[in-house]
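Novice: Sequence:
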Amino acid sequence: MSRRRLAGRRPATTLTRRRQPSSTTVLLVAAFGAFLAFLDSTIVNIAFPAIQRYFHSSDISSLSWVLNAYNIAFAAFLVAGGRIADLLGRKRMFIYGVVLFTVASALCAAADTVGQLVAFRVLQGIGAATLVPASLALVVESFEEARRAHGVGLWGAAAAIASGLGPPIGGALVEASSWRWVFLVNLPLGVVAVVVARRGLVESRASGRRRVPDLRGAVLLAVGLGCLTLGLVKGPDWGWVSPTTIASFLAAVVAMLGFVMSSRGHPTPLIDPAFLRIRSFTAGNVLTLVASAGFYAYLLTHVLFLNYVWGYNLLRAGLAVAPAAFVAAFVAAVLGRVADRHGYRLIIIAGALVWTSSLLWYIERVGSKPDFVGQWLPGQLLQGIGVGATLPMLGSAALAGLAAGGSYATASAVVSSTRQLGAVIGIALLVIVVGTPAHGATEQTLRRGWVLAAVCFAVVAIGGVLLGRTRRVAAMPAESELPLRLDSPEPGSAPGIVSLPAISRSGAEGGVDPLGGLPLFAGLDPICLSELRECAEQIELEAGSYLFHAGDASDSLYVVRSGRLQVLQNDVVTTELGRGEVVGELGLLIDAPRSASIRAVRDTTLVRLTKAQFDKIANPSVLEALVRVLATRLHQAPPPAVPPASTPEVVVAVVGLDNRAPVSMVAAELVTALSPRLQVLDPGRVDRDGLERAERAVDKVVLHAATDDANWRDFCLRSADRVVLVTADPAPPSTLPARATGADLVLAGPPADRECRRQWEESLTPRSVQVVRAGHRTADLRPLAARIAGRSVGLVLSGGAARAFAHLGVLEELEAAGVTVDRYAGTSMGAIIAALAATGKDAAAVDAHIYEYFIRSNPTNDYTLPSKGLIRGRRTLGALDSVFGGQLVEELPKEFRCVSVDLLARRAVVHRRGPLADVVGCSLRVPGLYAPIVYDGVLHVDGGVLDNLPVTTLARHEGPLLAVSIGTGQQATPATDRKPARSPRVPNVVDTLMRTMTIGSAMATSTVLEQADLAIHPDTSSIGFLEWHQIDRAREAGRIATREALPQIMRVVQGESAHA
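Counting along the sequence shown from 1, when you hit position 449 you're at 449 in the UniProt record's numbering, and nothing is skipped either side.
Keep in mind the hints are simulated off the structure, nothing from the lab.
Among the hints, a few may not be true.
As the list claims (entries may be wrong) - Restraint ranges, calculated between C-beta atoms of paired labels, are given here:
hint	residue 1	residue 2	range
1	R773	E649	45 to 53 Å
2	L276	D591	33 to 41 Å
3	N858	T741	41 to 49 Å
4	L904	V698	45 to 53 Å
5	T610	R693	21 to 29 Å
6	K611	R264	23 to 31 Å
7	F372	R199	55 to 63 Å
8	P593	E695	52 to 60 Å
9	L877	L276	52 to 60 Å
10	V573	G840	33 to 41 Å
11	F249	L276	19 to 27 Å
12	E144	F330	49 to 57 Å
13	C535	E144	33 to 41 Å
14	G840	R264	52 to 60 Å
By construction, the Cβ of each residue, glycine as well, lies at the ideal position given by its N, Cα and C atoms.
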C-alpha cells in the first residue's frame, strides 16, 4: 500500500440507519409494473374491433387468439413465474418480466400478420406471468406483518384500477391513432418501470431450500389449454366431429394428463395436491373459473355491441364500460371487511344474483338505439355491485381455508391463474355462440354473449352453496417469530412451570391412562399404579422455560407425558426428549447434582416423582427401564471441555515517558476504575518485601513512576506483570525504557498525527493504545482498566459469506443487553462486520453500512472469465474503500484483529496494523471466487482457509471472549448413522467452494471454541453463501441465538462461570 493511494482515498462514509426503500416506495414501483400487465388484459379488448377491421380477411375465431394467447400464457406460467422469482430473485425477475413484456409490446405493435401478433402476445403473456408474481412478492416482503394485508390490498386495488382504465385508455389511443398504440404505450411505461425498479427496489428471495418449479408441467398446461381453445373456437368452422377438431380435443386431454402426472412426480408442482383436498379452495377456484369466463365474455360483448350496434367510437365505448370497474372496486373494499367477519358464502351468492340480474337488464332493456343514461348506466351500476361482491370474494374464499403462512403466495397464484383460464374459456365460448354475425343480425347475435354470461353467473350463485361457512384464517406468527423467554430462572424459582393437582382416576377415563400408558410405568401392578396416581404431581412447563439447570440439587425425576424437551450440556443441545422419556434419573439414583440443563422446546406436560415416591415403586421392571435409559445417556454424553488456565497479572506499573506525562492522574483513574470489582492497592513507594505482602493481600497492585526518579522507575518496570506507558508528547522519544515493547500506551497530550502513530507502532508494538482527551479521561481509560481487570469483552466473528450477516443480530442483542465490547476479531465477512464495530459504530450503523454496500449494491456481481477467480473483485475493493476510507487499524478506538492466509507460506497472517480496507480485503479473498491479492509483499487468500474463527488473536486473560460460529453446512454424520433412503443434495459451485475451503479450519473449530468463554451458534443453514438478500433472516438467526445464550453471556460478562 503506497502512501499516495492511502492519501487519495475518500473519507469513510457515515451512515447511522439503513437507507432502505420504504414500503410505500416498493408498493408504488411494484404496483406500477403490475399495472402494465393488468392494463393490457383489458386495453386490447377495446381495440379488438379496430384489429378486426385491419385484418379484415381473418374471421373472429382466428382473431380471438389475439386475446386468448395472452391469457393462456399468463395463466400457464403465472405460478411457475412466482416460483422462479423466489428462486432467482424477485427484483431481478420483476425487471426481466418488465423488459420481456415491453419488448413483446413493441413486437406486437410491429406485427404484420395475425400469426405474428398472436406469437408476440404469447411472449407478452409470459412477461406478465413473470413480473406480476414478482411484483406481489416484493410488496409482501416490504410490509410488516401487521400492515401486510393493507399493502396487498393496495396492490390489488392498483390492479383493479388498471383493468378499469384499460377500456377508456385503449379507446382514446385507437381513436387518436391506431390499434398499434395500445401496445406502443407500454414502451415508455416499461422503460420507466425498469429505471425506477433498479433504483428503488432491493433484491429478495424466498427463504429456505428452493427448487426449480415444474416448467414441464407449465408447458403441458399451456399446450393443453391451447389445444382445447383451438378445438372450441374452430369447431363451428371445421365441424364438431371432424378429425381436426377431435384431434385438438384429444391433444388437449393428453397434454392435461401429462400435466397431472408431471405435478404428481415433481417436488414443486404448479398446483399442490394438498390444496385440492380443501373444499373451499377447490370450490372457490371452480367458481372463479366460471365467473371469469362470464366476465370476459360480456366485457368483449359490451365493446362489440357499443361499437357495432350503437355506433360508439372506441373512446366512447371504453368510457361506457368504465363505471362498473370503479363501482366494483368500491364495493369490494367495503364488503371485504364484512366478509372477513361474517363469512363469504352469502355475499357471493347475493353478488352472483345481482350480477345475473345486470345481464338480464342488458338483454331485456338495452335496445338498438343509444341511451346511455336510461338503459346502459343502470346495468353498469348493477354489474359493478355484482362484480365487487363476487369475483374478489371468490378468490378470498378459496384462500380462507388455508393455514396462514408459507402456502398463501402459491395458492393465491393458483387463484390468479384460474382467473386467466376463465378468460380463455369465456372468449372461446363467446366465439362459439357469436360466430361471424350475418349482415343485419349483429344485435341479436351479440345478445347471445350476454345470455352466456348470465348463465355463468347463475351457476356461480347456485355453486356458492358449496363454499361452506368460510372465513379468513387469522394469521399466526411463524415459529421463528414467536416471542422468546429471555429471563433465566433464579435459584429456587422456575418461571414457566405450573404445578397441577395430583393425577386423579378421572384422567384414565375414556381409555387414556396418563400414567399406565407411559413406558416407565407400564410394568406396574394396578394397586401400585393407583397409589402412584394419587400422589404423583403433574407439571406444566411453558415453551422456552427451564425445568432445571446443571448443578441444581436432584430431588425428583420426571417423565414426559406430552411435548418435547432439550437437554443442554455446556449450553449446547445434545439431544431432545419426547413422550415417555425419563428426565433426571441419574441424579436421583446416585444423589448427585444435575449434570445437564433441561429446556422445553414447546409446552410440555411432565409427571414428577420425588425420591420418596420413587422408592415406593422401585420394583425390578422400573429399575430395569431406568438402567437402560441411564446406560444410553452415558454412552452418548460427550467429554467435558476444559478451558486453558491463565496466570493473573497482579502488579501494574504506570510509567511516564516524559516530564509532562500525567502519570499520577492515569494511575488514580485506573485505581478508581478497578476498585468496584477488585481489591486494588496503590502502596506508593515500597520495597520488594512490601510489594510481596501487597500482592498476597489484594487482587491488583498499581505502581506509578515519573521520569525524575530513575531507580524507582526501574524497580516498577522490573516488578510489574503489566506495564502502562504514559506520554504527553505525540512523538516517541529517542530511547525507550526496558520492557517497553508490548506495553500499553496512553497518549495523554496533543493528538498524534498518522506519522507519529506509525512510529509508535514500529517502536513499541503496543498491546493497546488509549488516547486520553481533555475532559474525557475516565471514559477514555475505561477500556484499559477493563483489560487490566480481565473484564474487557472480546467478540470473535467467523466467516460465512451471507450467512455471517447473523453477526448483525448478535451485535444488536449485545448492545440492547448493555454489553460493551472493547475488542473485535474476525475472518472474511466476519472481519468486515468486526472492523465496522471497532470503528465505534453502534449496531444500527454497522447494519446500515452492510445493507448499503452488500444489499443495495451487490459487490460480488462483477463476474469475469474464471482464469484466476469467478469474481473480478473491483466492486468489493471499491465497497471497502467507501466503507473504511483511509482509516488505519492502529487508529481505531477499539482493538481489531483479522486473519488472512499467506498462500505461499501456507500459514495464517494476523493483521494488527495497516489500512483497514486493505487488511479486511485480504481476509475475504475466497479461493476460486476471488483471485489472491498481493499486500505487503505477501499473496493473501481468505482467512477461513486455516482459521475461520480467530479466537486466539485476542488475549483471553484480558477478559471474556464470545465467539460467534457460523456453520458452513450440515455436521458430519457417521457412516453407520446415515440413512440410505435419501441421497444427499449436490450443492452449487459456491457452496462447494466454501465447504471445501473451510474443511481444515472446521476440523479445528471444536478445539478453538474451547478457548472461548462462550460460543454462539446462529442457525443459518437455510441461507446460501451468496444470498445477500437474506440479511434480515440471517440477522434474526443471530438475534435468536444470542437471546437464547443471553443468561450465560451475562454471567460471563459479570465474571461468573458460563455454566454456573
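Novice: Now look at each hint and say whether the structure bears it out.
Specialist: Hint by hint, here is what the structure shows:
The given range of 45 to 53 Å is broken by R773 and E649, whose C-beta atoms sit roughly 27 Å from each other. At roughly 60 Å, the beta-carbon separation of L276 and D591 lies outside the given 33 to 41 Å, and the hint is violated. Checking the proposed 41 to 49 Å range against N858 and T741 shows it holds: the Cβ atoms sit about 44 Å from each other. In this structure, L904 and V698 meet the distance hint of 45 to 53 Å, their C-beta atoms being roughly 50 Å apart.
Judged by the Cβ atoms, the range 21 to 29 Å given for T610 and R693 is violated: they are separated by roughly 53 Å. At about 57 Å, the CB distance of K611 to R264 disagrees with the hint of 23 to 31 Å. Our hint of 55 to 63 Å for F372 and R199 is violated, since their Cβ atoms are close to 44 Å apart. Under the hint 52 to 60 Å, the C-beta atoms of P593 and E695, about 35 Å apart, miss the expected range.
Between L877 and L276, the C-beta spacing of about 53 Å keeps the proposed range 52 to 60 Å intact. In this structure the supplied range 33 to 41 Å holds for V573 paired with G840, their Cβ-Cβ distance being about 35 Å. A beta carbon spacing of about 24 Å between F249 and L276 agrees with the range 19 to 27 Å that was offered as a hint. Roughly 27 Å separates the CB atoms of E144 and F330, a value that falls outside the hinted 49 to 57 Å.
Evaluation of the 33 to 41 Å hint for C535 and E144 yields a failure: the beta carbon distance comes to about 51 Å. Distance hint check: the CB atoms of G840 and R264 are about 59 Å apart, consistent with the given range 52 to 60 Å.
In this structure, the earlier hints numbered 1, 2, 5, 6, 7, 8, 12 and 13 are contradicted, and the remaining ones agree with it.
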